[in-house]
Structure formats: structure tokens, C-alpha cells
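**Q** Sequence:
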Amino acid sequence: MGSYGTFLGFSAAFPLLARAMFPQVDASPYLFVGPMVCALSRPLGGWMGDRVGGGVATVASNLLMALGTVGVYLSLPSAVSGGSFWLFLAMFQLIFFAAGVGNGSSYQLAPKVFLIQAGRDAQRHGESLQQAYARGGRRGASAMNVSSVMAAFGGFVIPKAFGSSLSWFGSFLPAFGMFFLFYLLCCAVAWWQYSRPGRRCVAEPRRQALVAGFVAVRRHPFVGAGRLAGAGRPRHGATR
Numbered sequence: 001m002g003s004y005g006t007f008l009g010f011s012a013a014f015p016l017l018a019r020a021m022f023p024q025v026d027a028s029p030y031l032f033v034g035p036m037v038c039a040l041s042r043p044l045g046g047w048m049g050d051r052v053g054g055g056v057a058t059v060a061s062n063l064l065m066a067l068g069t070v071g072v073y074l075s076l077p078s079a080v081s082g083g084s085f086w087l088f089l090a091m092f093q094l095i096f097f098a099a100g101v102g103n104g105s106s107y108q109l110a111p112k113v114f115l116i117q118a119g120r121d122a123q124r125h126g127e128s129l130q131q132a133y134a135r136g137g138r139r140g141a142s143a144m145n146v147s148s149v150m151a152a153f154g155g156f157v158i159p160k161a162f163g164s165s166l167s168w169f170g171s172f173l174p175a176f177g178m179f180f181l182f183y184l185l186c187c188a189v190a191w192w193q194y195s196r197p198g199r200r201c202v203a204e205p206r207r208q209a210l211v212a213g214f215v216a217v218r219r220h221p222f223v224g225a226g227r228l229a230g231a232g233r234p235r236h237g238a239t240r
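Residue 240, in the numbering used here, is where the sequence shown stops; the numbers in between run on with no holes.
Hints in this document: simulated from the structure, not taken from any laboratory.
All clues stand as given, with none of them false.
Derived Cβ-Cβ restraints for the label pairs, each shown as a range:
no. : residue 1 : residue 2 : range
1   : Q24       : W168      : 18 to 28 Å
2   : A12       : L40       : 17 to 27 Å
3   : G177      : S28       : 24 to 34 Å
4   : P15       : L185      : 24 to 34 Å
5   : P15       : W192      : 30 to 40 Å
6   : G71       : L129      : 42 to 52 Å
7   : A90       : Q117      : 36 to 46 Å
8   : L44       : G126      : 33 to 43 Å
9   : F156      : A90       : 22 to 32 Å
10  : L44       : P15       : 23 to 33 Å
Values in this document were obtained by computation on a predicted structure and should not be read as measured data.
Each residue gets a CB set at the ideal place from its N, CA and C atoms; glycine is no exception.
The whole structure should be built from the sequences, with the hints applied where relevant.
**A** Have a look at this one:
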């Protein structure tokens with residue numbers, strides 16, 4: 001919800017807000033910019049997750065989205081100001097940039113959390129690392145699937161929140177306030193669970209991470225065409 005949901009929701013909300021608050025400006029030439037910025041910044045989130053930790057990168061991205069939300073609200077016309085479309089556009093791009101970074105870092109973080117926990121459980125209970133990493137890989141893949149489904153709600157909740165805020169209160173302030181508090185909550189959860197001292201999710205050694213990823217892919221039920229292509233071949237020593 002915090003990253004991919006933001007991308008979906010604000011992609012839908014940008015033209016609506018631009019048309020409502022800056023009717024004198026044609027915002028249609030800029031509709032593609034935000035999704036493009038988000039797509040280009042996503043690999044940066046994964047890179048930052050590898051360098052400083054997925055938890056730290058996720059906290060930073062949610063903080064940027066919170067600041068961008070404040071910036072968008074301050075750019076809108078008010079009783080004392082005519083507003084600034086260019087500040088409005090720039091703050092939206094900051095939100096899209098941070099959403100891409102957060103999406104990349106969270107997708108880097110989610111499977112690693114389960115793999116690291118699986119390795120710790122294996123050492124604690126004397127379990128085979130191969131079996132533990134296979135189970136951790138399946139759980140990580142399932143968690144990413146669930147998070148993707150939850151993120152889809154952002155495409156509905158964010159535009160709906162803006163519309164309800166305007167119809168109920170005559171202002172977008174309640175919606176922006178809700179989003180600001182939500183991003184701060186995401187910051188707090190990511191910091192408490194994955195970034196604070198003693199809980200930081202550090203990267204595994206390179207060899208161990210490669211083994212973990214290989215095992216997880218080989219054991220995952222939806223491994224893909226490579227495995228399916230060889231399904232019909234008889235194994236060595238097997239009969240048809």
C-alpha cells in the first residue's frame with residue numbers, strides 16, 4: 001500500500017487534482033511523467049536495499065512520500081495564495097520517485113527477511129539449510145503476492161479519499177492529512193521491524209544468498225517454463 005499502492009492511486013489522482021485546482025493549465029502532457037519516474041526509480045530502490053539495507057531504504061522512501069504529500073498540499077490554491085502548478089507537478093514527481101524507490105526496496109527486503117529467518121530457524125532446530133531456504137523462499141513469494149494484492153487497493157482508496165474529502169469537508173486537507181499520517185506509520189513500522197539497532201535486516205554473505213535464491217526458485221511451485229520444459233523428459237535410469 002505504501003509504495004505500489006501510492007503509484008496506482010496518485011497516478012489516478014494527479015489528473016483529477018490538476019483539473020480541479022488548476023483548470024487554466026492543461027496537465028495532459030505531463031500525465032506520463034510520474035509513472036515513468038516511478039518505473040525508473042524502482043531499480044534504485046533495489047540497489048539502495050543491497051547497499052544500506054532494505055529497511056533503511058523503505059523508511060527513507062516513506063519519509064519522502066510524507067514530505068511530498070505536504071508539498072502537494074502547500075502548492076494548491078488557497079485564500080491567501082494562487083498556488084503553483086509547477087510546485088504541484090514537482091511534488092507529485094517526488095512522490096512518484098519515492099514510491100518507485102520504496103517498491104524496489106520492499107521487494108528486495110521481503111524475500112530476504114524470510115530467508116534469513118529460515119536460516120536462523122534451521123540453525124536453532126538442526127534443520128537442513130536446503131529445506132529451510134526452500135520453505136523461506138516459498139513464504140517470501142507468498143508474502144510478495146499478498147502485498148501486491150493489497151497494493152491494488154491504493155488505486156481505489158486514494159482517488160476515493162480525495163473525492164470524499166472534498167464532498168464532505170469542502171477541502172482536500174483531510175485526505176492529505178490522512179496520507180501524511182499513513183506514510184509516517186509506514187516509516188515507524190519499517191524502522192521498528194527492520195531498521196532499528198538490533199533488528200536491522202543485514203544482507204547475507206554473497207554465496208549464501210545465491211544458494212538461498214537458487215533453492216527458493218528450484219523449489220517454488222511456479223518456477224516457470226525452464227522447469228516445465230524438462231518435465232516430459234525421462235530422468236537417467238527411469239522408464240517411461
